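> Hey, can you work out the whole structure from these sequences and the hints?
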Amino acid sequence: MPDSLVIKNLNASIGERPILKDFSLTVPKGEVHAIMGPNGTGKSTLSKVLAGHPDYSVQSGSALLDGEEILGLEPDVVARAGLFLAFQYPSEIPGVTIANFIRAAIVARQAKGAPFDAKAYYTELYAKMDALKMDRKFTARFVNEGFSGGEKKRCEILQLLMIKPKYAVLDETDSGLDIDALRIVSEGVNRMRGPDTGFLVITHYQRLLEYIIPDRVHIMWDGRIVHSGGKELAIELEAKGYDWVKTELASA
Amino acid sequence: MNVVASAPAGVLDVALQSAETTQFRAQDWFAVLRQQGWHTFQSLPMPTRDDEKWRFSDARSLSLDGYAPAPEPTEALAAALIARSHFVARPASLIVHVDGHCVLRPALSPELTAQGVRFETLTDALRHHPALLQEHLLKHGAGLGGAKFLALHQAWLRAGYVLFVPKGVEIRQPFVSVNWTSTDGAAVFPHALIIAGEHATVSIQDYHLGATADARALAISACDIHTGTGAKVSRLAVQGWGSRTQSFQVDNTCGGRDALITSVNAAVGSRRARLENTVRIDGPGADVRLYGISVATGEQEFDQRTLQIHTAGQAKSDLLFKNALLGKARTIFSGLIKVAPDAQRTDAYQTNRNLLLSPDAEADSLPGLEIEANDVKCSHGATTGQVDENELFYLRTRGIPLEVAQELLAQGFLEEVIAKVEDEEGAEALRGMLSAKFHQV
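Chains A and B are the protein sequences, given in the same order.
Take the first sequence: its letter number 237 is residue 237 in our numbering, and every next letter is one higher.
Take the second sequence: its letter number 185 is residue 185 in our numbering, and every next letter is one higher.
Don't read these hints as lab results, they were simulated from the structure.
All values derive from a computational prediction rather than experimental measurement.
Just so you know, even glycine gets a beta-carbon here, dropped at the ideal spot from N, CA and C.
Honestly, I wouldn't trust all of these hints.
Here are the simulated SDA-like cross-link-like pairs (lysine to any residue), alpha carbons at most 25 Å apart as the crow flies [unchecked claim]:
| no. | chain 1 | residue 1 | chain 2 | residue 2 |
| --- | --- | --- | --- | --- |
| 1 | A | LYS119 | B | GLN411 |
| 2 | B | LYS420 | A | GLU92 |
| 3 | B | LYS420 | A | ARG136 |
| 4 | A | LYS119 | A | ALA104 |
| 5 | A | LYS164 | A | ARG80 |
| 6 | B | LYS420 | A | ARG141 |
| 7 | A | LYS137 | B | GLN411 |
Chain A residues, not near chain B, derived (Cβ > 10 Å throughout) [said to hold, decoys possible]:
| no. | residue |
| --- | --- |
| 8 | SER57 |
| 9 | GLU68 |
| 10 | PHE116 |
| 11 | LYS119 |
| 12 | ALA120 |
| 13 | ARG136 |
| 14 | PHE147 |
| 15 | GLY149 |
| 16 | ILE179 |
| 17 | ASN190 |
| 18 | ILE213 |
| 19 | GLU232 |
| 20 | GLU238 |
| 21 | ALA239 |
So, in structure tokens, the structure goes:
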């Protein structure tokens with residue numbers, strides 16, 4: 001499928017420990033898919049493996065982004081191919097301002113030697129910061145340094161909105177957010193929804209999915225998807241709890 | 001035909017040094033000072049690897065042969081270099097030297113002149129303010145190993161400036177001095193004497209640059225800062241000589257009572273550059289902040305030796321030196337905090353951080369404390385490491401290529417010191433010079 005992120009029979013490990021076990025999932029462009037599952041089931045590993053984190057090794061399988069294999073590529077190559085990862089715990093980058101950081105990401109996507117339009121860049125940056133209710137003074141602040149949990153996540157979504165990837169993986173974006181921040185962050189994501197972008201929303205709780213309504217919900221257990229359904233699956237899971245997954249879905 | 005090589009008429013030539021000194025007959029004490037410098041230079045041995053003060057330095061490759069005072073530059077060259085000296089759009093005043101010759105004499109606004117401010121070439125100041133110079137010029141020696149080099153500086157002392165700001169005068173705009181080397185093998189001895197009176201406020205930027213990127217020169221510079229009670233002095237010194245230059249720099253800073261001194265020493269140029277910076281805390285309540293920053297590339301060696309001496313109590317000194325290293329570059333940081341028995345309630349800190357961006361780079365760190373008072377807060381620390389893998393991954397997931405990401409992280413690492421430069425134009429000039437080092441092959 002050319003207009004999809006297709007993950008097939010992916011097996012990956014950290015050190016000797018296998019984490020993803022024949023993991024398969026397809027996210028078509030224009031759709032929002034949610035992955036839910038208990039801690040330690042491999043959700044974050046999935047996002048890191050897709051993004052090309054050097055600590056994980058892939059044994060077999062494939063991940064095709066619009067038909068292009070992204071497994072085994074360097075992290076920046078994966079990103080420029082069109083995958084964006086919003087981190088659960090974004091790094092603090094002392095001394096590097098948000099403005100310079102995002103600028104470097106934009107410049108990396110330009111043709112070599114192409115002029116950088118600083119005026120257009122700041123116009124767009126400020127508009128998106130306004131939408132995320134971020135003070136414009138943040139442009140001069142160092143990336144994530146001294147940010148609250150909510151500010152870090154807003155900063156992730158700001159990058160998402162500026163970079164405009166083909167596919168975005170949001171890893172536990174709701175963690176550490178109060179309701180106001182959750183609403184603002186969700187609005188940012190919803191504004192980007194459309195035929196050009198596919199979303200994979202990883203979350204432990206159903207709460208986020210009240211704001212970002214998914215097209216499909218997948219339940220992950222022990223390194224693979226064990227059950228898929230519509231948006232109502234998130235509510236069912238919330239009601240029945242992860243024991244239900246363990247006793248009924250995982251053994252099925 | 002046999003050609004017998006004669007000794008070059010260089011910087012080690014006694015007749016040449018003596019001839020130049022006779023030009024200062026009218027300022028007898030100064031001629032004597034130069035002559036004393038020459039004798040001291042002759043009497044001291046070249047440092048060796050075994051000398052504790054030269055530990056880790058590549059002392060074996062030290063050589064003073066093949067350098068000579070250079071003739072005055074052509075008018076065209078002088079004009080071209082003056083045009084490249086405008087790091088600050090509206091300085092309080094600008095002075096430019098090329099190969100040790102002043103090509104732009106500093107002008108002062110009538111207001112500053114009326115307030116008693118003086119910013120003059122060293123030779124003008126010798127004529128106009130001999131008493132001031134006699135009191136302050138080279139009052140402190142080089143206690144950190146560079147005595148022979150400072151003696152040679154003294155023997156050839158001629159280029160440089162004197163900045164005097166009288167009591168109570170506050171000047172916001174920075175004074176700027178730019179020293180260029182242009183002639184191959186030029187020997188230059190730039191001197192800076194900064195005297196801030198009681199409650200005076202002044203800032204100065206010193207740029208030491210090569211007219212060409214690979215200029216070969218010998219540069220032995222010195223800077224003395226004297227502060228009266230409550231004076232505020234801020235200095236940015238950028239060592240950006242050409243890449244085949246040997247640089248020695250001996251700075252002495254005296255913190256008077258309640259004085260606030262901020263000093264940033266940046267290193268980007270030269271093949272080898274040694275900085276010796278001694279801070280003397282003579283007055284209670286003084287606050288001296290000493291910062292260092294460098295990007296060392298290729299086979300550069302940056303050798304940084306510092307000493308914070310507290311003789312007065314209830315005063316503070318804070319030191320932070322940060323180096324980023326690429327290629328086969330080496331940095332040496334050796335710092336000592338000395339607190340005298342009477343200097344109670346001293347706050348003294350010293351931190352050296354080195355970022356290795358290449359497996360072949362090497363950073364040595366020798367922090368030290370000698371504390372004889374019992375009621376003090378002192379600490380020192382040194383770290384050497386590589387870029388943080390998590391930070392690197394984070395940047396790369398935004399599509400930023402590895403080299404660019406490393407450079408961004410290194411610049412971020414350095415930014416902490418750049419931020420200490422109060423003048424935004426000076427900070428931007430420094431940022432540009434540091435950044436350019438990442439793009440040299």
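> A separate judgement is required for each hint: does it hold in the structure or not?
Hint check results:
1. A:LYS119 with B:GLN411: holds (23 Å)
2. B:LYS420 with A:GLU92: Holds: LYS420 of chain B and GLU92 of chain A sit about 21 Å apart, inside 25 Å.
3. B:LYS420 with A:ARG136: holds (23 Å)
4. A:LYS119 with A:ALA104: holds (15 Å)
5. A:LYS164 with A:ARG80: holds (10 Å)
6. B:LYS420 with A:ARG141: Holds. LYS420 of chain B to ARG141 of chain A sits at ~16 Å (cutoff 25 Å).
7. A:LYS137 with B:GLN411: holds (20 Å)
8. SER57: Holds, because the least Cβ-Cβ distance between SER57 of chain A and chain B comes to about 15 Å, which exceeds 10 Å.
9. GLU68: holds (15 Å)
10. PHE116: It holds; PHE116 of chain A is separated from chain B by about 13 Å at its closest Cβ, greater than 10 Å.
11. LYS119: holds (19 Å)
12. ALA120: Consistent with the label, ALA120 of chain A stays out of reach of chain B, its closest Cβ about 18 Å off (over 10 Å).
13. ARG136: holds (19 Å)
14. PHE147: Given a closest Cβ separation of 14 Å, the condition holds.
15. GLY149: Holds, because the least Cβ-Cβ distance between GLY149 of chain A and chain B comes to about 16 Å, which exceeds 10 Å.
16. ILE179: Given that every Cβ of chain B is farther than 10 Å from that of ILE179 of chain A, nearest at about 27 Å, it holds.
17. ASN190: holds (22 Å)
18. ILE213: ILE213 of chain A is indeed farther than 10 Å from all Cβ atoms of chain B, at 26 Å.
19. GLU232: For GLU232 of chain A, whose nearest Cβ neighbour in chain B is about 33 Å away, the distance exceeds 10 Å, so it holds.
20. GLU238: holds (30 Å)
21. ALA239: holds (35 Å)
This entry satisfies every hint, going by the numbered hints stated previously.
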